[in-house]
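Undergrad: So you can see what is in the structure, the chains are spelled out below.
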Amino acid sequence: QKEVEQNSGPLSVPEGAIASLNCTYSDRGSQSFFWYRQYSGKSPELIMFIYSNGDKEDGRFTAQLNKASQYVSLLIRDSQPSDSATYLCALLFGGGGNKLTFGTGTQLKVEL
Amino acid sequence: NAGVTQTPKFQVLKTGQSMTLQCAQDMNHNSMYWYRQDPGMGLRLIYYSASEGTTDKGEVPNGYNVSRLNKREFSLRLESAAPSQTSVYFCASRQETQYFGPGTRLLVL
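Just so you know, the protein sequences line up as chains A and B, in that order.
Residues in the first sequence are numbered consecutively from 47, following the numbering used here.
Residues in the second sequence are numbered consecutively from 390, following the numbering used here.
These aren't lab readings, by the way, just hints derived from the structure by calculation.
Hints may contain errors.
What the hints assert, rightly or not - Have a look at the derived ranges for each label pair, beta carbon to beta carbon:
id : chain 1 : residue 1 : chain 2 : residue 2 : range
1  : A       : Gln126    : B       : Met408    : 34 to 44 Å
2  : A       : Asp101    : B       : Gln411    : 39 to 49 Å
3  : B       : Thr443    : A       : Gly62     : 21 to 31 Å
4  : A       : Asn53     : B       : Asn451    : 29 to 39 Å
5  : B       : Gly405    : A       : Ser115    : 48 to 58 Å
As the list claims (entries may be wrong) - The calculated lysine to aspartate or glutamate pairs, modelled on DMTMM-like cross-linking and capped at a C-alpha distance of 25 Å, are:
id : chain 1 : residue 1 : chain 2 : residue 2
6  : A       : Lys155    : B       : Asp427
7  : A       : Lys88     : B       : Glu462
8  : A       : Lys102    : B       : Glu485
Heads up, the beta-carbon is just placed ideally off N, CA and C, and yes, glycines get one too.
This is chain A alone, in the form it adopts within the complex (with noise of 0.2 Å):
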């Protein structure tokens, strides 16, 4: 069983929507949630990071994480074309642990 599960995707959403991003994960000792988005040909760029239960805003995106649930969600308002990148989720687990756990990413599209 992966740790760290995303849809593949494409997720495709028209220009100005909110594009919501999933990630679920297995492991209930993660203590820490990030969340990278990649351009194709580029390496991974960190978006946001949450450690507590609830929402966490950075202007356009929110993370969302619910750890009774084991998901962890990001959510992109009024979205780009620019916005057009695979997503991917990565966790740490608690324990001073030292090594991310990244899913496989969702590719997001966003269409004029």
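Following the hints, position chain B against chain A.
TA: Using the frame of chain A, we list chain B on its own:
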């Protein structure tokens, strides 16, 4: 700050050749990582170094060796390249958050 840098950007090898991928970071991070990324497979951890002087195997270490030369530098060596090692290789470093280098695209013929 340059962040995480990698050299070379591109490399073509013949089967059996050896090479070293170089990685350096200027963020004073303790932990450094090497990943490979293949279509449909996501990022897979090859080796990591939690701190200077330590290295540990990741998910796919076979065919690779690493050296944590100092706090800044973490190199990845392919002793005898195989076509299965054709991939994009990313180095990363982490303190609280993890940052990636630009990647090395390797083709093994």
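Undergrad: Please name the hints from earlier in the document that this structure breaks, with their numbers sorted from lowest to highest.
TA: 3
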